[in-house]
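Quick note, the sequences are listed as chains H and L, same order.
Under our numbering, the residue at position 107 of the first sequence is numbered 111, and the numbers go up by one with no gaps.
Under our numbering, the residue at position 59 of the second sequence is numbered 61, and the numbers go up by one with no gaps.
Please note that the accuracy of each hint is not assured.
Keeping only pairs whose Cα atoms sit at most 20 Å apart, straight-line, the calculated EDC-like set for lysine to aspartate or glutamate is [stated by the list, open to error]: (1) Lys-120/L / Asp-95/H; (2) Lys-50/L / Asp-82/H; (3) Lys-138/L / Asp-87/H.
Honestly, the hints are just simulated from the structure, not real lab data.
Listed below, chain by chain, are the residues.
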Amino acid sequence: MKSWPHSLVLSCAFATLVTLAPTAHAIEFNQLQLGKSSLSFVSKQMNVPVEGQFKSFRSRLAYDPAKPAAAKAELEIDMASIDAGSKDANDEVAGKAWFNTKAFPVAKFVATSVKPLGGNRLEVAGKMTIKGKTLDLSTPITVTQQGNTASFDGSLVLKRADYGIGDGIWADFGTVANEVQIKFRLVATAAAAK
Amino acid sequence: MSSRPAAPNPDNSYTFTAIGLHWLIALAIIGSFALGFYMADLPISPQKLRFYSWHKWAGVTIFLFVVLRLGWRLAHRPPELPAAMPAWQRSVAAATHVLLYLLMVAVPLSGWLMSSAKGFQTVWFGVLPLPDLLAKNEALGDLLQALHRLLNYGMAAIVFAHLGAALKHHFIDRDDVLARMLPFLRNPSGDTR
Numbered sequence: 005m006k007s008w009p010h011s012l013v014l015s016c017a018f019a020t021l022v023t024l025a026p027t028a029h030a031i032e033f034n035q036l037q038l039g040k041s042s043l044s045f046v047s048k049q050m051n052v053p054v055e056g057q058f059k060s061f062r063s064r065l066a067y068d069p070a071k072p073a074a075a076k077a078e079l080e081i082d083m084a085s086i087d088a089g090s091k092d093a094n095d096e097v098a099g100k101a102w103f104n105t106k107a108f109p110v111a112k113f114v115a116t117s118v119k120p121l122g123g124n125r126l127e128v129a130g131k132m133t134i135k136g137k138t139l140d141l142s143t144p145i146t147v148t149q150q151g152n153t154a155s156f157d158g159s160l161v162l163k164r165a166d167y168g169i170g171d172g173i174w175a176d177f178g179t180v181a182n183e184v185q186i187k188f189r190l191v192a193t194a195a196a197a198k
Numbered sequence: 003m004s005s006r007p008a009a010p011n012p013d014n015s016y017t018f019t020a021i022g023l024h025w026l027i028a029l030a031i032i033g034s035f036a037l038g039f040y041m042a043d044l045p046i047s048p049q050k051l052r053f054y055s056w057h058k059w060a061g062v063t064i065f066l067f068v069v070l071r072l073g074w075r076l077a078h079r080p081p082e083l084p085a086a087m088p089a090w091q092r093s094v095a096a097a098t099h100v101l102l103y104l105l106m107v108a109v110p111l112s113g114w115l116m117s118s119a120k121g122f123q124t125v126w127f128g129v130l131p132l133p134d135l136l137a138k139n140e141a142l143g144d145l146l147q148a149l150h151r152l153l154n155y156g157m158a159a160i161v162f163a164h165l166g167a168a169l170k171h172h173f174i175d176r177d178d179v180l181a182r183m184l185p186f187l188r189n190p191s192g193d194t195r
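Could you put the whole structure together from the sequences, leaning on the hints where they help?
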């Protein structure tokens, strides 16, 4: 007789805990899955869309769906990991006129504010540094959460001239357009809650 | 005057359409070949990107004119060859023409496929994107580049044979084979021999 109410209390408590778990114990997506993430871009050369990507980047992420505004995001891109579409292009863009990869091996984005836009969308604003030049950047991001994994997808347009990418003979936008379409997908899993 | 009754036939000529297409395509092919030969080994630069685009636009344009020309050729019988031409020369001439037509189709096609495999779509005059029939594949791209080059050298060799034969007909055989394609060469006196 004594154990019956006790187990009832326990199971009630357990049920409550399970229901509240996502909010009561913050789930934080912070482990970037590089293999599932991608950072690609499309540049237009003589109006021909040419795809490229960066193969190596790191991200420090901390995203709690219950407190999106408190999210933190930093992205570091290894410029030497670029695939600009061909070997010739890769050699060329490492040069001084383009990314000057030797002097500026890493491009960096640091989020300074995250605003929920409703639904599964966020507006992320921050500082983008490429080739030693830092500019404000803001872009909407779609969050897709599936169990222990969240993916952050977005696309934006960068103007290469803003960062001095493609100087000298390449400065003319008639051959390589100023606008570069960037597409990213960052996939992160949640580490065990603290 | 020839003993052949039909010899000085002023109609023994290609149609103006066939003549126009022949010379238009010939000049375009020579220009594209020269540009392709020149641009391939240039260091990367905006100029090189422009040359590649122009070369590809020209290739698509030539291909369309070749399709038009093939249609015209199938619908219009070409003029007769000189009766004095031996059978083996007729066979060689026929084979050369078939090869030239095949190459006029195959060369631009190989260039298009090569572009797709290398991941650079063809956008005709920077306006009309052609579909990529192949996905990007570096090894296949290199193979198709080698094929495009080989077909071009093959075509250059056959064009030289074609040109040599035309000159031989005009200056050695002194028949009207070249004049059928260049009507102003016909002797104003009407004597084509």
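Check whether the Cα positions of Lys-50/L and Asp-82/H lie no farther apart than 20 Å. Judged against 20 Å, a Cα distance of about 28 Å means the pair is violated.
Within a Cα-Cα threshold of 20 Å, do Lys-120/L and Asp-95/H meet the stated pairing? holds, 16 Å
Tell me if the straight-line CA distance from Lys-138/L to Asp-87/H falls inside 20 Å. This hinted pair holds, its Cα atoms lying about 13 Å apart.
Consistency note: the structure conflicts with earlier hint 2 alone.
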